[in-house]
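Chains as they are written, first to last, in this note's numbering: chain A, 1076 to 1296; chain B, 585 to 786.
Hints in this document: simulated from the structure, not taken from any laboratory.
None of these values were measured; they are calculated from a predicted model.
Check the hints yourself; a few may be wrong.
Chain A is nowhere near these chain B residues, computed Cβ spacing over 12 Å in every case [said to hold, decoys possible]:
1. 607
2. 609
3. 657
4. 684
5. 712
6. 720
7. 756
Derived coverage of chain A by chain B (criterion: at least 3 residues anywhere in the stretch with Cβ under 8 Å from a Cβ of chain B; other residues may be distant) [claimed, not checked]:
8. 1080-1087
9. 1150-1156
Quick reminder that beta carbons are idealized off the backbone N, C-alpha and C, glycines included.
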Amino acid sequence: MSALLRLYRRELALAWNGGGGPLLALGFYAAVTALAPLAIGPEPERLRVIAPGFAWIALALASLLSLDRLYERDFEDGALDLLALGPLPLEAVAAIKALAQWTAAGAPLALAAPFAATALGAPPALSGMVLATAAIGALAFAFVGGLGAALALGSRRGGLIIAVIVLPLITPPVIFGGGALSAFTGGLPWLSGFLALIAYALAAAALCPLFAAMACRTAVS
Amino acid sequence: MIVALEIETLAVRRGERRLFDDLSLTLAAGEALTLGGANGAGKTTLLRAIAGLIAPSAGTIGFAGVAGPLDPDDARRADLHLVGHLDALKTTRTAGDELAFQAAWCGGDAASAAAAAETLGLTRLLGLAVRQLSAGQRRRLALARLLAAPRKLWLLDEPLAPLDAAHRALLGELMARHLDGGGLIVAATHDPLPLPARRLDL
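Same shape as in the complex, but just chain A (with noise of 0.2 Å):
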């Protein structure tokens, strides 16, 4: 327990500390999201509707901006073999690396969500749900961008590799957590989508870590 404890710890002071951290994610997602009107025209009407989405984009994107040195540098400086020899399975490790991003990264951007929304134009009674499903939605991101920056190991260009392989797998939970974000704001019935939403989470937090790992494990051999 106090392996995971301590790398989670350490995982969590470098994504904290490393290339900005929550800081440079946050201003990232302020700026696109400032970008909607601009691109889209500034009548309320148009940008009520939009809101929710907006937001969810903006926070998909956001969510991949620190994924290229998450499993990079430990590959470069060989941290990635201190990790492979421990006390811990890779697994844990890629599950623990994911957990420490959400925490560096997903959480307070789930935590801007609901301003951005709410600047765009969406009634602020709809907050809380969209506080919710940016939360779930940044650590399937996590969890899935974990597996992305793992298979880029060792690739030139890592960054963008890592853009185009997590951008078309973390289309479904944009798909429900938007959906479900527009069918509670239209009073349609939207438990389905928050449900589907926490279902995608929950897998990609006991898939993922599987198939990094495994990443890893050709990496470093």
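Fit chain B to the given chain A structure using the hints.
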């Protein structure tokens, strides 16, 4: 606890290249082996194969305890240190934080980490960020986990390279002490180790 390393008819291929074929050796407690050979001969590959990071294409790598053969995965996780030429240190963190993590990750504690830092002359560097350390200081920091978490089999990849004369001598003393305590050392090095060791040229 590892008391012997037994390699039988080992072959490792890297892509199309065959690095070694039919390599057999036995190393017993208290013995050191230096791996020599030209750049690219496979010294690092052999160390990584012993550590279990690279799967051999043929042959076996076994570890024996006092009561007979050990499960290789358990033996590796519990009783083997690999200190590579990459030091696994995070440049943005302090030397103290990194040593504490590496020691704990390998099963040591705060007291053993502090003692290891003292032995290797790192104590006054622990507050500095790793990026402020010289190459030799970083190597000493990476080597500190050998002392902070006692394990029997040390796999060392060019351990002497960045060290100054005084610290080479110190590392030699520490290695001799490890062998006296029943340890085993396999070191890939171009410089002769400052202690009696068998030599294998790949």
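Hints versus structure:
no.: 1; hint: 607; result: 18 Å, holds
no.: 2; hint: 609; result: 21 Å, holds
no.: 3; hint: 657; result: 10 Å, violated
no.: 4; hint: 684; result: 8 Å, violated
no.: 5; hint: 712; result: 16 Å, holds
no.: 6; hint: 720; result: 17 Å, holds
no.: 7; hint: 756; result: 23 Å, holds
no.: 8; hint: 1080-1087; result: holds (count 3)
no.: 9; hint: 1150-1156; result: holds (count 5)
The structure does not agree with the numbered hints 3, 4 stated previously, though it agrees with the rest.
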